[in-house]
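*Asks:* Dock the two chains into a complex; use the hints.
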Amino acid sequence: MLLELRDLHVNYGNVEALHGINLSVNEGEIVTILGANGAGKSTTLNSICGLVKATKGEILLDGEPIHSVPAHNIVKMGISQSPEGRRVFSTLTVEENMDLGAFTMKDSAKIERNREWIYDLFPRLLERRTQLAGTLSGGEQQMLAIGRALMSSPRLLLLDEPSLGLAPILVKSIFETIRKINKHGLTVILVEQNARAALKLADRGYVMEVGNIVLADDAKSLLSNPEIQSAYLGGKGL
Amino acid sequence: MEEFFQQLTNGLAVGGIYALIALGYTMVYGVLKLINFAHGDLFTIGAFLGLTLLTSLGLTDSVGPVAGLLVLAVMVVVLVGVVGYLLERIAYRPLRTSPRLSAVVSALGASIFFQNAIMLIWGARPLVYPHGLLPNITVDIFGVELPLIRIIMFAISVLLMCGLYYLTHKTRIGTAIRAAAIDQGAAKLMGIDVNRVISLVFMIGPALGGAAGVMVGLYYGQINFTMGWLYGLKAFTAAILGGIGNIPGAMLGGLLLGVVESLGAAYISIAWKDAISFLVLILILIVRPTGLLGERVADKV
Ligand SMILES: Nc1ncnc2c1ncn2[C@@H]1O[C@H](COP(=O)(O)OP(=O)(O)OP(=O)(O)O)[C@@H](O)[C@H]1O
Ligand SMILES: [Mg+2]
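Taken in sequence, the protein lines are chains A and B. Letter by letter, the first sequence follows residues 1 to 238 in the working numbering. Letter by letter, the second sequence follows residues 1 to 301 in the working numbering.
Excised from the complex, chain B in its bound form (with noise of 0.2 Å):
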């Protein structure tokens, strides 16, 4: 029991991790009907810049561990939707009348582009986030010691959610947001910026994708250039398993995918923990490809 409840909470700690990926996927989807490829890289360049940010601005020795993440967390948020709009304007927008393919080839371009940026600057070998950032102590919960580490990924990621579960659902901006997603042509008429709608979300999901790499960086300690790659490959699979581009689906999709992923290597066998995704993938394309709450149906991709 012990043992189930240590990977239920840990699958619901690096589930959240997948969610807030996913909902980056998830929210271009609905809005361009595109899978932006170069969403996995973007989470990298978070990660990366969050170690940059934490290792030469020091703020965790000046301000205090809490305050210091914080801060870094909010800058690596802002740059990385910075990174996100301006891979929109070059990448996607030249190309929104082209035929599907040209910016499926685009997303894939920019996906390279950004890995190779991302080796260039911070080199091909992994590289390690400072130690003892957080307290390294474990909280008693139900009998059951969890990391207090943990505990805080899993808080975070929920609260993000909320977060953007309130903007998309009780805010103009965010009924703006879904509106453009159901009918472009609609949503003009209503007086949309349609174009502006896009590239907030091209800040927005971007911007929870570097918070993901921070927290993914926290988390493991370890990070690497190609790191996008599997992250983004799970997320987009939560983001299917929930229903592309419905955003409650890709929280219920990450959070699944994690609790699925951590009990199956730990009842089934480690080796198979990241073939575990993929299976599931399958599995939904097959039985239900539209995903648990979707109701379009993933034909393009």
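Isolated chain A (complex conformation) (with noise of 0.2 Å):
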């Protein structure tokens, strides 16, 4: 088992986010987590990378805790991630975002590959690479932001919504390209309101509803689960 999330406990100040969640990752996966927005996800994800605390439970890595190192020593550790928001620096350009996704590297042959290869994935950052973030298209931004997160060589690439507010087309091809980093031997964690398409992508899912996992199953199962399709699909089967 890659991860591991043991009756997890997150707070901010006072009130209890995650209210002790269990969560397995094998390695070569793509899991999706799916939720109604504040069910935690985020949360979750955060966690995982050290940006908020664990107040109680465990996370592990190969079998390892890592939910006392500090958010800067994660993405050495395999785990990175395209947050919520996207949050690329923008008054930095592309290169130099690109550049930052690779802080911790010191392969410098490594870093050339892993840039060659996400250009490869998104020629269109390739041809931004000298203007600055802030004045890409959102879509674009999604692609930086899903770049800088694989400079690092993770094994683990946690995604928050890498669709939100994408044109339809762009959602198809932003989940084709989730498919082959999937393929090229990176386990995924995708958060996704596009539901019907993460279930798709995914191998597993888990449902979160008030800081609670309330269901966790094959993707398979859930897309054919009706309470889920009820909530989440909207209302129609396959």
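For the record, the hints were derived by calculation from the structure and aren't laboratory data. By construction, the Cβ of each residue, glycine as well, lies at the ideal position given by its N, Cα and C atoms. Among the hints, erroneous ones may be present.
[As the list claims (entries may be wrong)] Pulled a few chain B residues facing chain A out of the computed Cβ check, cut under 10 Å:
| # | residue |
| --- | --- |
| 1 | R93 |
| 2 | A176 |
| 3 | A186 |
| 4 | L189 |
| 5 | M190 |
[Stated by the list, open to error] Not the full set, but computed from the structure, chain B residues with beta-carbon under 10 Å of chain A:
| # | residue |
| --- | --- |
| 6 | T175 |
| 7 | A181 |
| 8 | I182 |
| 9 | D183 |
| 10 | G185 |
| 11 | G191 |
| 12 | D193 |
| 13 | V194 |
| 14 | R196 |
| 15 | R288 |
*Replies:* Structure below.
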């Protein structure tokens, strides 16, 4: 097992946002986390990255606890995130954003291989590499956020709503790219509002409601689960 | 024309000093969104440390004026950098998650502390830098006789600014500093140790301010424990003028303010010299609160 969350509790001030969740991810999988606004999906990803600290429970990577590791050391352990809202460095160029993705990397040959692969995944970024990230379109910023996260050669990639606010055609291509990234050997945790597309892509899925995981199953079973269909898939079947 | 050129070059020399101090304000604001009100006093500390080291070590006698002043400047830069580092660790870091006002109060407190410490150590009376360290000669440029020291001052501040620009815009750690200024959370996701970036900024800014302190001592000859207040306020104006948080903006703002002030003093009235800076500050805040190069609105002080 690559990653495991055990009875994870997270607080914001006095308010508990995660009430003890259990979640596991195997090497090579795509795992999706579904849930309504405020369910705690981003909080879950941010706690894995150390941006928010667990008040109780454990986060294990290869069986080793990482919940006390400071956020800036997590990326060295092979975990990187494309955060909700993209959060590209808007007054830096595309290339500078990419370089920052490789901030912890020493091996320059490897950095260049990564860069080449990412520009291959997102040729648009190559065209725009001298442009300020803030001047990119929403879709391009999303590509940059994912590309930047890939620069550190992660084993585990966390994607927080990569399709948010994108035109349908771009959504399709982002999902296609996620599949390619996974085929490349990366394990992916995908948080999505676009539940149908996410479940079609994923191996397994978790459903969160107000800080709890209420359902965990194979993606296929979740797709055909009537409750999920009515709550997250717009009521229609496949 | 001669008069104009004299005032212009004088303004650039003084403006270079403002710019060096302004960089400290702007870099700290960039990463912490905090006006470090104690920054002017770090500049004063630089001036006094410079004088003490100058008179006690006798470097200019043993290794010659140029090498001596260079060694002296390096020592001051390092020492003031350390003071800046300690300032952040003691006065600001414990308040990182507190309401903004706490940090502002702490900054004001640190400023009062430094001023009193300087007064206790070096006394309340003005002190004088030794004369004749730099040859009092003039250089003929386009038919105008300019004091050599003015040219040297300007050259040094430009050199330091180029160095800083290179550091912040062309190096890995500099890119990390700019990234942390934009989004600390995202910077952490990149593996950037934001606390180290903040410490670094609190060393670089004061170090430049300390260097400016020595330069003022050498240029004007006289220093006193309250000098950081006026220089600090002018440099702060320069930072706002250029767009607070913006590094090239602080450089431009400093030089521009120096020139405006110098020309204003010459052609309007010398009595208005200091008022001009504040007039400039008020005008920018009204007309262009983001400053010349700034994108952010300076809404928080
Ligand atoms: N920085 C914060 N401070 C205080 N409360 C927060 C903070 N971030 C999130 N919360 C709260 O924690 C809960 C979970 O938020 P989270 O962002 O993890 O939800 P989410 O599932 O990602 O929602 P969305 O689909 O809207 O992105 C919410 O009730 C939210 O209001
Ligand atoms: Mg979210």
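*Asks:* Would you pick out the hints that fail for this structure and give their numbers low to high?
*Replies:* 1, 15
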